[in-house]
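Engineer: Residues per chain, in single letters:
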Amino acid sequence: MEKTEALGLLTDRVAKFTAMIGKRLPDDVTAKLKELRDEESMPMAKMIYEAMERNQEQAVALNRPSCQDTGMIQMFVRVGSKFPYIDALAEVLKDAVAIATKEGPLRHNAVETFDEVNTGTNTGTKAPWLYWDILPDSDRLELDIYMAGGGCSLPGQGKTLMPGEGYEGVVKFVLDIMTSYGLNACPPLLVGIGIGTSIDSAAYMSKVALMRPVGSRNANPKAAQLEKDLISAIDSIGLGPQGLQGKKSVMGVHIENSARHPSVISVAVNVGCWAHRRGTIVFNSDLSYELITHKGVKL
Amino acid sequence: MSKILNTPVSDEDLKDIRIGDVIYLNGHIVTCRDVAHRRLIEYGRELPVDIQGGAIFHAGPIVRKVEGEEKKFEMVSIGPTTSMRMEKFEKEFIEKTGVKVIVGKGGMGPNTEMGCRENKAIHCVFPAGCAVIAATEVEKIEGAYWQDLGMPETLWVCHVKEFGPLIVSIDAEGNNLFEQNKVLFNKRKDEALEELYTKVKFIK
Ligand code: SF4
Numbered sequence: 001m002e003k004t005e006a007l008g009l010l011t012d013r014v015a016k017f018t019a020m021i022g023k024r025l026p027d028d029v030t031a032k033l034k035e036l037r038d039e040e041s042m043p044m045a046k047m048i049y050e051a052m053e054r055n056q057e058q059a060v061a062l063n064r065p066s067c068q069d070t071g072m073i074q075m076f077v078r079v080g081s082k083f084p085y086i087d088a089l090a091e092v093l094k095d096a097v098a099i100a101t102k103e104g105p106l107r108h109n110a111v112e113t114f115d116e117v118n119t120g121t122n123t124g125t126k127a128p129w130l131y132w133d134i135l136p137d138s139d140r141l142e143l144d145i146y147m148a149g150g151g152c153s154l155p156g157q158g159k160t161l162m163p164g165e166g167y168e169g170v171v172k173f174v175l176d177i178m179t180s181y182g183l184n185a186c187p188p189l190l191v192g193i194g195i196g197t198s199i200d201s202a203a204y205m206s207k208v209a210l211m212r213p214v215g216s217r218n219a220n221p222k223a224a225q226l227e228k229d230l231i232s233a234i235d236s237i238g239l240g241p242q243g244l245q246g247k248k249s250v251m252g253v254h255i256e257n258s259a260r261h262p263s264v265i266s267v268a269v270n271v272g273c274w275a276h277r278r279g280t281i282v283f284n285s286d287l288s289y290e291l292i293t294h295k296g297v298k299l
Numbered sequence: 001m002s003k004i005l006n007t008p009v010s011d012e013d014l015k016d017i018r019i020g021d022v023i024y025l026n027g028h029i030v031t032c033r034d035v036a037h038r039r040l041i042e043y044g045r046e047l048p049v050d051i052q053g054g055a056i057f058h059a060g061p062i063v064r065k066v067e068g069e070e071k072k073f074e075m076v077s078i079g080p081t082t083s084m085r086m087e088k089f090e091k092e093f094i095e096k097t098g099v100k101v102i103v104g105k106g107g108m109g110p111n112t113e114m115g116c117r118e119n120k121a122i123h124c125v126f127p128a129g130c131a132v133i134a135a136t137e138v139e140k141i142e143g144a145y146w147q148d149l150g151m152p153e154t155l156w157v158c159h160v161k162e163f164g165p166l167i168v169s170i171d172a173e174g175n176n177l178f179e180q181n182k183v184l185f186n187k188r189k190d191e192a193l194e195e196l197y198t199k200v201k202f203i204k
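Chains as they are written, first to last, in this note's numbering: chain A, 1 to 299; chain B, 1 to 204.
Bound-form chain B, shown alone (with noise of 0.2 Å):
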């Protein structure tokens, strides 16, 4: 099933959506990953932008100012970094800022799954290493919050028109898409094992 989302999400349009959907997404979605959730959670400071009901981006992206212009900047290059490293936090975020779709690189643990659960949100993947696909998708950078912490990881509002493919691996539901390839994975690799071992006595 392919679907776009618009922002403001709401409970509603994350209610058919399952694991493995791909989804694209119309609207603002914000740069956020290490620094700036750790600023919300452990430091107990407000997010400088209104997310609830929006989306956010692991991602620290390569942006470029626009020549000659006064706070305009133009998305070079802009992928996913490990989402599990936010892992810690994200729960406490989703319930404190709303947020309603979390993009990222790969999967998120049982935290996350509680809090896209307990506050009907969902984590999905965009392709990591295609860059340029992502930096063309964004039509323009609306905003910089938090221009001290470096390109990186400064929050970048960037309006977006069918932003992906985004692959849903966790759902408003709790489903975790990766948890589950996981398990098929190491019985697969244990199936392989068994039979690896009868190919290497090469120590005789």
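Okay, chain A solo, but in the shape it has when bound (with noise of 0.2 Å):
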């Protein structure tokens, strides 16, 4: 394949990607509201998660967004050092998004700061906003890609405590954010912790965790044991779907560690709404492809 062909060959799968993410939940969110919507007993809760999934359907159907705000587009690029695009990376990710915007539709959501207009493209400075990591030895690209609502943003909280308070401030920390700004944020939510050192790390590290398989444990025993104490703890408030009351109020809790330095203990929180658009491709250097987030799916 020639250079400017396969570039373009990339763009194109990355754009659709994009686009279709706004229209499909991934399996494992699919699958968890699914289970939700099965455990719930109080009515009116039940009767939201199946507007929900009936949505979803007509999304899929009449080939829409399935919620109107398509949210910033933020991606997780892991790159191996021998894919053979690498150098122009950055700028096929920009281009996709534009064309994704166009032919998805996506909503028009970039307003630049300080110009305050809207790019209408949702590209525009460091957007999409991309992180960056290299894979040693590969050559290979793997790409989370993931919509950030406005409601779903609007959460996001970091803290950093003195040591003195303790795990038991981070607790309190989470747990306030879930009764104030959490239930305007279309429970059941996703909520993603980081714990560490400084106020940056800790909150790249939850929106990291936002990208892990829904249910998935850290690999710390007494992380992972905390996963499933806020779990049952947040599910105690009783949400439920969109605030309104239910069984159960999130669809997991994930937290991403790292060490810290002995004076400070940083917290911070990031949420997924209901409508969780997070989606996972891997490409192999020919560019053949595998959506590991929406199996089956055609792009």
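Since the hints were derived computationally from the structure, they do not count as laboratory data. Treat the hints with care, since some could be wrong.
Said to hold, decoys possible - The list that follows gives simulated cross-link-like pairs (lysine-lysine, DSBU-like), each with its CA atoms no further than 30 Å apart:
1. B:Lys-182 with A:Lys-34
2. B:Lys-199 with A:Lys-172
3. A:Lys-46 with B:Lys-161
4. B:Lys-88 with B:Lys-189
Stated by the list, open to error - Distance ranges between label pairs, derived from CB positions:
5. A:Asp-286 with B:Arg-64: 35 to 41 Å
6. A:Gly-120 with B:Pro-8: 34 to 40 Å
7. A:Thr-4 with B:Gly-150: 32 to 38 Å
Stated by the list, open to error - Partial chain A-side listing against chain B, Cβ under 10 Å, derived:
8. Gly-149
9. Met-178
10. Leu-183
11. Cys-186
12. Leu-244
Backbone N, C-alpha and C define an ideal beta-carbon position, used for all residues, glycine too.
Assemble the dimeric complex from its two separately framed chains, guided by the hints.
Structural biologist: Shown next as structure tokens:
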């Protein structure tokens, strides 16, 4: 394949994948919502879960974005040091978002700060927002794409605590967000928590946590236990779908952690709404691909 | 209880509707959000469409022009936006316009409660994120006013059939579902925290 032709193909595939994410939830989220619906006993909550399910079916049938807020696009890029298109990748990803915006269609959400104008393409200064990671000795590209909606970005917060406040301060910080902002962020939520040394690392990890498959557990047994304890605790509040009460509140709680300075413990929270539109695609060097989160879907 | 309301809605129609009820709407609903509220209340302009006895939707839709036809539009995707942003204006808005049904996302505050009680109106929640369902319940877009505000803020006059489910969050007596839930949620949160504190003694 010619290089220009290959770059065109890569751009096209990323664009199609991005547009598709706005119309179909990933398999794990769909399965979790179904489980929550089946477990629900309150009639209103059940009715809302059923409406959600119908909405997702219609979105696919009519080929339309399932929620009108298709968010700001954020990507986690893990690129092999030997992936042949590494040099052009940043540009490819930006172009792909502009194309997806037109063809999706995606709502125009990128507003330039200070100038306060909507670019109309969902691209702009540092938009799409990209996180980079290098895969040593690999010729593949792994891409997580996420639509960060307004409603579900709003609860995002972080705080650096003194160690005296301990993990008690951490869990209080998380639960307070659930009953204040979380309520309006379209529960059942996926709760991403970062715990580490400074506010930036905690914030980053809280978003990484949202890219994990729903229900996956932290490798550290104590952190994994806290994930489970937090699920029970937040579920016991009974936010229900749309914050209108129900048996459960969350789709999951994911914690990512790093070592910390002895004098501080930073915590950050990011939430995903029920319409958690995230997708993972893996490209080989010949640009053949595999959809990790959306099995069986054709681009 | 599940009930169908037809616009224009009368005080009588709202008499037996309580928070937590589920209703559906037949007739007209007009999208109306931040700037439209501001124009009416802060700048004293008249709404270009009569919504006496009518319904408004706090929403910014994706609308498509019907190809080849003048002034014809189709609803692609429409979902509620956070109602609380309109809290500041809503009481006066209800008084001035005579609107009876306000649809949005999340709860509203004491101002709206008062507006609903004094003028007999209700606030309802449409399940957010269900934008395709809402769009397919719009049978026709019958008008578009204040298009200078851009697609999300234009007043789109929608003819709807069994538009819903709409969950009543403030009734015409001023009862507020979200406020009641908040008290309950906070109480449960405090209990959950007491138990969690015993499980997180990692720093010894
Ligand atoms: S929080 Fe999510 S589901 Fe709710 S309106 Fe925003 S993007 Fe849509």
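Engineer: Quick check on the hint: Gly-149 (chain A) CB to chain B CB, less than 10 Å?
Structural biologist: With a minimum Cβ separation of about 9 Å from chain B (threshold 10 Å), the hint on Gly-149 (chain A) holds.
Engineer: Take the shortest C-beta to C-beta distance between Leu-183 (chain A) and chain B; is it under 10 Å?
Structural biologist: This hint holds: Leu-183 (chain A) lies near chain B, its Cβ roughly 7 Å from the closest one there, short of 10 Å.
Engineer: Closer than 10 Å between Cβ atoms is the bar; does Leu-244 (chain A) clear it against chain B? Give me holds or violated.
Structural biologist: Holds. Min distance 6 Å.
Engineer: Does the structure keep Lys-182 (chain B) and Lys-34 (chain A) at a Cα separation of 30 Å or less?
Structural biologist: Roughly 26 Å separates the two Cα atoms, so the pair holds.
Engineer: Does Lys-189 (chain B) sit within 30 Å of Lys-88 (chain B), going by the straight-line distance between their CA atoms?
Structural biologist: holds (29 Å)
Engineer: Just to be sure I understand the hint, the distance between the Cβ atoms of Gly-120 (chain A) and Pro-8 (chain B) should be within 34 to 40 Å; is that true here?
Structural biologist: Given about 38 Å between the Cβ atoms, the range holds.
Engineer: Indicate whether the distance between the beta carbons of Asp-286 (chain A) and Arg-64 (chain B) respects the range 35 to 41 Å.
Structural biologist: holds (38 Å)
Engineer: Would you check the hint for Lys-199 (chain B) and Lys-172 (chain A), treating anything up to 30 Å between C-alpha atoms as holding?
Structural biologist: holds (13 Å)
Engineer: In this structure, is the beta-carbon distance linking Thr-4 (chain A) and Gly-150 (chain B) contained in 32 to 38 Å?
Structural biologist: Because 37 Å falls inside the window, the suggested range holds.
Engineer: For the hint on Cys-186 (chain A), just tell me whether its beta-carbon gets within less than 10 Å of chain B.
Structural biologist: Holds, about 5 Å.
Engineer: Can the restraint linking Lys-46 (chain A) and Lys-161 (chain B) be considered satisfied, given a maximum Cα separation of 30 Å?
Structural biologist: With a Cα-Cα distance of about 22 Å, the restraint between Lys-46 (chain A) and Lys-161 (chain B) holds, given a limit of 30 Å.
Engineer: Is the shortest C-beta separation between Met-178 (chain A) and chain B less than 10 Å?
Structural biologist: holds (7 Å)
Of the numbered hints given earlier, the model fails none.
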